[in-house]
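Please construct the entire structure, taking both the sequences and the accompanying hints into account.
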Amino acid sequence: MADPVLDVRDLHVALHTRRGVIHAVDHVSLHIDPGETLALVGESGCGKTMTALSVIGLVPKPPGVIEGGQVLLGGDDLVPKSDEEMRRLRGDRMAMVFQEPMTSLDPVFTIGAQLMETLLAHRAISRADAHAQSVAMLKRVQIPEAERRMDNYPHELSGGMRQRVMIAIALLCRPDLLIADEPTTALDVTTQAQILELLRELRGEFGMALLLITHALGVVAEMADRVAVMYAGRVVETAGVEEIFANPRHPYTKGLLASIPDLADGQERLATIPGTVPNLLHKPPGCCFWPRCPIAEARCRAQEPALAELAPGHQAACWKASA
Amino acid sequence: MLRYVLRRLALLVPMAFIISIVVFVAMRMIPVDPGELVLGPWATAEQRELARQKLGLDQSIPVQYLRYVTTAFQGDLGRSIKSGKEVTELIRATVPNSLMLGGTALALAYLIAIPLGVVAAVRQNTLVDQGAMGFALIGISIPNFWLGLLLVLVFAVNLRWLPATGSGTAAHLILPAVTLGLQYTAIVARMTRSSVLEVLRQDFVRTLHAKGLRRGRIIYMHVLKNAVIPVISLLGLHIGGVVGGAVIVETIFAWPGMGALLVNSIIARDYPIVQAVLTLLGVAVLLANLLADVLYAAADRRIKM
Amino acid sequence: MTKPTETLPDPEAPWDAEAIGAPFSPWRDFLVRFAGNKSAMVGFAIVLVLCLVAILAPWIALHPIAEQDLMVSLEPPLTEGFPLGTDQFGRDIFSRLVFGARVSLQVGGIVTLVSMLIGITVGCLAGYHGGRLDAVLSNLINLVYGFPLILVALLLVAVIGPGLEGAMIATGLVIWAGFARIVRGEVIALRNREFVMAARALGRGNVWIIVRHVLPNIIGPVLVIASFTMAVAVIIETSLSFLGLGAQPPTPSWGSMLNEGRSVIYRAWWLATFPGIAIATLVLGFNLLGDGLRDVLDPRMRT
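Protein chains in written order, with the numbering used here: chain A, 1064 to 1386; chain B, 3 to 307; chain C, 92 to 394.
Keep in mind that the hints were calculated from the coordinates and are not lab data.
Among the hints, a few may not be true.
[To be verified] Derived BS3-like pairs (lysine-lysine); straight-line CA-CA distance at most 30 Å: (1) A:K1202 - B:K227; (2) A:K1317 - A:K1383; (3) A:K1124 - B:K227; (4) A:K1144 - C:K129; (5) B:K87 - B:K56; (6) A:K1346 - A:K1124; (7) A:K1383 - A:K1346; (8) B:K56 - B:K84; (9) A:K1317 - A:K1346.
[Said to hold, decoys possible] Covered, in the sense of this in silico footprint (three residues per stretch, anywhere, with C-beta under 8 Å from a C-beta of chain B), are these stretches of chain A: (10) 1149-1159; (11) 1165-1174; (12) 1180-1189.
[Said to hold, decoys possible] Computed list of chain A residues with no C-beta within reach of chain B, every gap over 12 Å: (13) P1067; (14) G1281; (15) H1345.
Glycine residues also receive a C-beta, built at the ideal position from the N, C-alpha and C atoms.
Here it is, written out as structure tokens:
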């Protein structure tokens, strides 16, 4: 088996705020193989984005502190790297696409300038070459009239087009790892489908590993090879995509799956998980999920369960999962 | 773009007329008989009546206004009551001086303030930031007439480096320009700082970092360009402010500009001059606001025109 | 810690009372944040002290303001009986400064109150009414806002003649636009909020809605502007007095004191120094207070 592109080991990131320490990423381990897509799933505020930002080295510091663990990109640990070393890697060997295409591009620079500067930051090439490669990449992400779009400002493009531009910027240097943070959440349904289709194509063509952050399980089913479910800064379950849909073991995963609208059944009411995401400043003792868990028992309140292998490639952190 | 400018220009014309009417009517409300002003308190009633007729003051106010406007468009703004000199001539002599003083003050202000604001924002909450913002806070709190006196006290009276009053050389320009400019340096520095901080919080800055750009490029190309746009929109307000501030600063430094002319004429109740200068300054302020809006629109293409 | 039991935990039950927090009180919240804001507190202290000086002026001053004694003219500071020296007429600068605080604060206060009333009225009319009235009023607001205060003040002074009344009317006539701008924006934002809609659906009159629902919600921004307006009003009053067009002798305005000091600047530095310090301190106080209030009341609001 090939070495994983990304191997996150026991990563621990804390935010030291005035009101206390938030363990946003709480001893998380993940790995993605070349060409593989890992979906990181969970409600907002569960640490998905913070995990991604620590991989790419953009955790806001202060208040963020990487307290421990390793982030191996192609076997090379990123945590001890200097800012300058990380800058060289970003946009080159790893890239990120963000949720909000409307605000993720600089409004007062042209699309072309924002593409070209990425290439020029990482490659010793002429402006003419950078221009040609940028146009080619715009064509590759299926932007019509790519040549002309180079001179457009972001506000002249639709949301879907802007997200294509974001993807083009991310892929310009052919990264080994692409992180996509809710890439379709802000788009309408048709555009969502188009962008997902595009990502799938490009993943096949470029052979990169994809870390897809989402809370939409439909997207997971369509895109992912494996899934990691996060809750309150921890990975609570991880498994192959079919396994997790067919045989979820953690009650939180079960709750998430139950909240998918099943249109075929004509079922109108969604099952929702009672309660809210815990305030990470005041994490409950024991398993984080017990205040919302339908099957919690005394042990869950007192002791924190560790991830345990339940089947090959299927792990869950729940006292009652193995029972 | 052109249409936007034309539309704004079209709006300017009625506003300019409104200003001239307000000033004109206000001047007619002065409870002093101009005839007496011209001839002194010992003139006879007939002499005064004659003077009033000569000045056209026996007509109704709308008629007077129409006459004033038609002659004004022919380049005749009347004569000074006190000296008998043509108002047009008096103004023509002062305009270049005022432009030089105001221009220098604003250029100085923006050139110092924008880098200061950027540095303060980038090093937020450091000593550099606190120092710059402390300076800015003092800058907006010191009234310009006192600053002028202080500068005279230090650089003219004690150190004897610079002349206290007058004009003609570059040395004469320094104290008035600094006096006039400091307030705007302070305002623009504060504005730039908060604008940069606002831009730094925006999503696209994270994208720029994710692309692996150097910090210098992110701040001095992307953030600066975004942050400066709202600052430019203040330029019109500041030109207007400088027009007003010049009134006081020119008086302190005996700088032969329109402001000093205005104050001296108000004190002397020389109303043809007051009327002409106030109207002109008012129109200048309108033009400044227009200029700033056009600049802003040109800089920020997101504005619908 | 939670005692282990065999019953299922109630998912609704708070597992951590601290996370829910004490009942919310906007007034207490404001005071706590105000007290924790350095510029608000410093500004408030400066303004408070100078207000006390103004109120207690007759007890603080060492000499009557108009008491002239040519035997002691232009005495430097720290002369016995004259801590900050005397002017060319032998008047005590310290005493005149103390009474000058009254003039600046009175003029500033009246101007701010009047312009606040005009500004809130115009702003509410424009923002709440909308449509053509709003178009006309906001053009007027922008025109007045963009106009240099001192020019309008000079125009009025030219008409009315020199004096504090003219200065106050002049300042009040232009300075309200700052209030009107902010109030208009806030009212537009509030107009379509649920509680205003609800009141309208209940058939409440517009005036009732504005007084009951809109005004309480704009107190914050209005306070911020009021503080900055005080600063500007003080500057305008002292500027006009400095030009000899504001306070007339023997009223001791800080501005006219500086004007008198100007003529003897080569011989007596203190005349051109202490009144300026007084003005700058008072203006700084209101600016700091305004900055602080803005941070405390609405971190989004920036000028």
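Hints not upheld, ascending by number: 4
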